[in-house]
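Enquirer: Sequence:
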Amino acid sequence: MTLLVDNYDSFTYILADYFLQLGLDLEVVRVDQAEHEVDWDQVRGLVLSPGPGHPIDNQALMRIVASRADNQPTLGICLGHQALALHYGRSAGGV
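Mapping of the sequence shown onto our numbering: residues 1 to 95, in sequence order.
For the record, the hints were derived by calculation from the structure and aren't laboratory data.
A virtual CB, placed ideally from N, CA and C, is assigned to each residue, including glycine.
Do not rely on the hints blindly, as some may be mistaken.
DEER-style ranges, computed between Cβ atoms [what the hints assert, rightly or not]:
1. Asp25 / Arg90: 29 to 35 Å
2. His36 / Phe11: 21 to 27 Å
3. Asp57 / Gly23: 32 to 38 Å
4. Leu20 / Ile56: 18 to 24 Å
5. Gln59 / Gln21: 31 to 37 Å
6. Tyr13 / His36: 34 to 40 Å
7. Tyr88 / Tyr18: 21 to 27 Å
Let's have the full structure, built from the sequences with the hints guiding it.
Expert: This is the structure we're talking about:
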């Protein structure tokens, strides 16, 4: 299953619709629920959604990235991409 982590952004469900149209086995879960409500053994791919703020302020997201990004295919979009950049030692600044 592909897990789409929702960082409380309305675009998440547009992404979910696109992924479902492509035939992905998809589950959407809120970022603050993912650590405790997901059977991580079933996750084959991880998508980190957009969201408000700076990733360093989203500790739940950063914990997911730290524990999962090195072990499975991960796509970060906007905030999710910035979180991956921070995890791999890069910066995530404003534009």
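Enquirer: Would you mind marking each hint as holding or not holding in the structure?
Expert: Now for the hints, and whether the structure bears them out:
For the pair Asp25 and Arg90, the beta carbons lie near 31 Å from each other, so the given range of 29 to 35 Å is met. For the pair His36 and Phe11, the supplied restraint of 21 to 27 Å holds, since their beta-carbon distance comes to about 24 Å. The beta-carbon spacing between Asp57 and Gly23, approximately 35 Å, falls within the hinted interval of 32 to 38 Å. For Leu20 and Ile56, the hinted distance range of 18 to 24 Å is not satisfied, since their beta carbons lie about 31 Å from each other.
For Gln59 and Gln21, the Cβ-Cβ distance of about 33 Å falls inside the hinted range of 31 to 37 Å, so the restraint holds. Evaluation of the 34 to 40 Å hint for Tyr13 and His36 yields a failure: the beta carbon distance comes to about 22 Å. In this structure, Tyr88 and Tyr18 meet the distance hint of 21 to 27 Å, their C-beta atoms being roughly 26 Å apart.
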